[in-house]
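*Asks:* Each chain, letter by letter, is given below.
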Amino acid sequence: MGMTMSQKILAAHADLDSVKAGQLIEAKLDMVLGNDITSPVAINVFNDGGATQVFDNTKIAMVMDHFTPNKDIKAAEQCAQVRRFANKYDIKNYFDVGQMGIEHALLPEKGLVGPGSLCIGADSHTCTYGALGAFSTGVGSTDMAAGMISGKAWFKVPSAVKFVLTGKPSKYISGKDVILHIIGMIGVDGALYKSMEFCGDGLKYLNIDDRLCIANMAIEAGAKNGIFPVDDITREYTNGRFKGEAKEYCADDDAEYEAEYIIDLSKLRPTVAFPHLPENARTVDEIGKTEVKIDQAVIGSCTNGRITDLRAAAEIMKGRKVANGVRCIVIPATQSVYLQAMREGLLETFIEAGAIVSTPTCGPCLGGYMGILAKGERAVTTTNRNFVGRMGHVESEVYLASPAVAAASAVTGYITDPAALKE
Amino acid sequence: MKAQGTVHKYGDNVDTDVIIPARYLNTSSHSELASHCMEDIDIDFTKRVKKGDIMVAEKNFGCGSSREHAPIAIKASGISCVIASTFARIFYRNSINIGLPILECEAASKEIKAGDEVSVDFDTGIITDITTGKTYQAEPFPPFIQSIIADGGLINHVTKK
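Protein chains in written order, with our numbering: chain A, 115 to 537; chain B, 15 to 175.
By construction, these hints were calculated from the structure, which means they are not laboratory data. It cannot be assumed that every hint is accurate.
[To be verified] Heads up, simulated DSS-like pairs for lysine-lysine below, C-alpha to C-alpha not over 27 Å straight-line:
#1 A:K489 to A:K403
#2 A:K489 to B:K61
#3 B:K148 to A:K188
#4 B:K61 to B:K23
#5 A:K202 to B:K174
#6 A:K357 to A:K403
#7 A:K270 to B:K174
#8 B:K174 to B:K23
#9 B:K65 to B:K148
#10 B:K127 to A:K142
#11 A:K270 to A:K432
#12 A:K318 to A:K282
[As the list claims (entries may be wrong)] Covered stretches of chain B (chain A as the covering partner; in silico rule of three or more C-beta atoms under 8 Å from a C-beta of chain A):
#13 28 to 35
#14 73 to 79
#15 95 to 103
#16 129 to 139
Here a beta-carbon is modelled for each residue, glycine too, at the ideal position from N, C-alpha and C.
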């Protein structure tokens, strides 16, 4: 029996010729990640366990992105604890305010993950790097601590579900619409414990940011990881950037998949996930013009805070104004995206439209700060979760959408199909 | 090892944002996390819960973020065991790693009701609903995971080698 792409990467890192679904293995890690929320717990576990050294100070990344710039005294204390640890153990990839960006935009951009990498991160959206042909998955803080000590992690080899993407998507269809459509189809536990492997001739129409967005939300279908084959689009992004040794793996022709879905990208419509689960997907055609009035629009996050996301939003907002009564918050995911957006005039477009532009932070996505919702308020957002209370009050509502839909909605004040905006 | 207590019952897809909302993630204090456990879906949970009580839910328990604060909050609130028909994978890993016993059992998760008195035998995986007299067999842990539990959690398991 052949292996899936995910299984091949796991086998290579476990020094095994082959692995099969369900097998428990111990594998060597190329990168161990934590942030300002999960690292403090991991550091406590590291210290309580009596550890006195890390396995490799170049293979650990700590990114202060969730509650930074520090939102309150407790958040400041947590960052201070991580900063002390990073200094003590000379962690080379420690990113603080000024260098930091949202971790899952930052690590690919800095070339810390790439094709064939095996990466764990104490953040559920660590699955993002599968877009680059890496096996990458979210874990908790104790796994992070064990990884920092031993350079290894245990895995149950996942089975897989295959998604064959065909056809060319139309103008306003992005990676976000693809993944919201898929989660709507299979549900929030539709790929529980499994790999989501993407393939098909439609991949050539999905740029690297679309793929990072799709892999990012694999966890919202319960998946262990999402992964894309390495092609010219990947190589164009990783060549000269990835600091490790790129290794390209392909699934065997006889690899076993528990299910296979064929998705015609040309048929997809802009898609929105209604409260309070990402699986509550509806196309814009199923939403009345003035059905969902919004109070806030957020454009950013590890899902959709990259340069092509900001371009898509700016294209729609150019020459238009944010509707009265709507707060529109734009958050470039990294300093480099921020700078690029400034050079391209995108920030000017947002500010002239009446939006605000913030330094990189995860803030509003998880109801941390920088855009908390009051009771009864609604937000359309390009983030990844719309659980009860996710962005603020327990009686607030979050609608997940693409940057184009979020921007169009900011302009009209209602959830809106970008194509329906008047010239 | 055994546990016995009163059941707190929840439905499908209990996510980590409702187990412990992110607004409280500016601390890693176990007792502080426990004081906000479940508050966005069950405001009285922290007042009602007694040491040894058991949490029962349906499918995909613990979905969402990787925050280990979620199983920590549940454990520190006094809960001795979580039974669900399925768990989200990161929550499953985290629970084993921090020593919160969890069991997958679909029939138990469907039939056991809030307020029932339930006992669990972790060695055999047998769940007994003392209130109704019914028993259920949960999936036992694979030997590898049993060895992590026997070592007292993942860090002890790793540092022992």
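*Asks:* State for each hint whether it applies.
*Replies:* A quick look at each hint next to the structure:
1. A:K489 to A:K403: holds, 23 Å
2. A:K489 to B:K61: Between K489 of chain A and K61 of chain B the Cα gap is close to 24 Å, so the pair holds against 27 Å.
3. B:K148 to A:K188: violated, 47 Å
4. B:K61 to B:K23: With a Cα-Cα distance of about 15 Å, the restraint between K61 of chain B and K23 of chain B holds, given a limit of 27 Å.
5. A:K202 to B:K174: Given that 27 Å is the threshold and the Cα spacing comes to 24 Å, the pair holds.
6. A:K357 to A:K403: Since the Cα atoms of K357 of chain A and K403 of chain A sit roughly 48 Å apart, the hinted pair is violated (cutoff 27 Å).
7. A:K270 to B:K174: holds, 21 Å
8. B:K174 to B:K23: violated, 37 Å
9. B:K65 to B:K148: holds, 23 Å
10. B:K127 to A:K142: The given pair, whose Cα atoms are some 44 Å apart, is violated under the 27 Å limit.
11. A:K270 to A:K432: This hinted pair is violated, its Cα atoms lying about 49 Å apart.
12. A:K318 to A:K282: With a Cα-Cα distance of about 9 Å, the restraint between K318 of chain A and K282 of chain A holds, given a limit of 27 Å.
13. 28 to 35: holds (count 4)
14. 73 to 79: With 5 residues closer than 8 Å to chain A, the region 73 to 79 of chain B meets the three-residue bar; holds.
15. 95 to 103: holds (count 3)
16. 129 to 139: Check failed, 0 qualifying residues.
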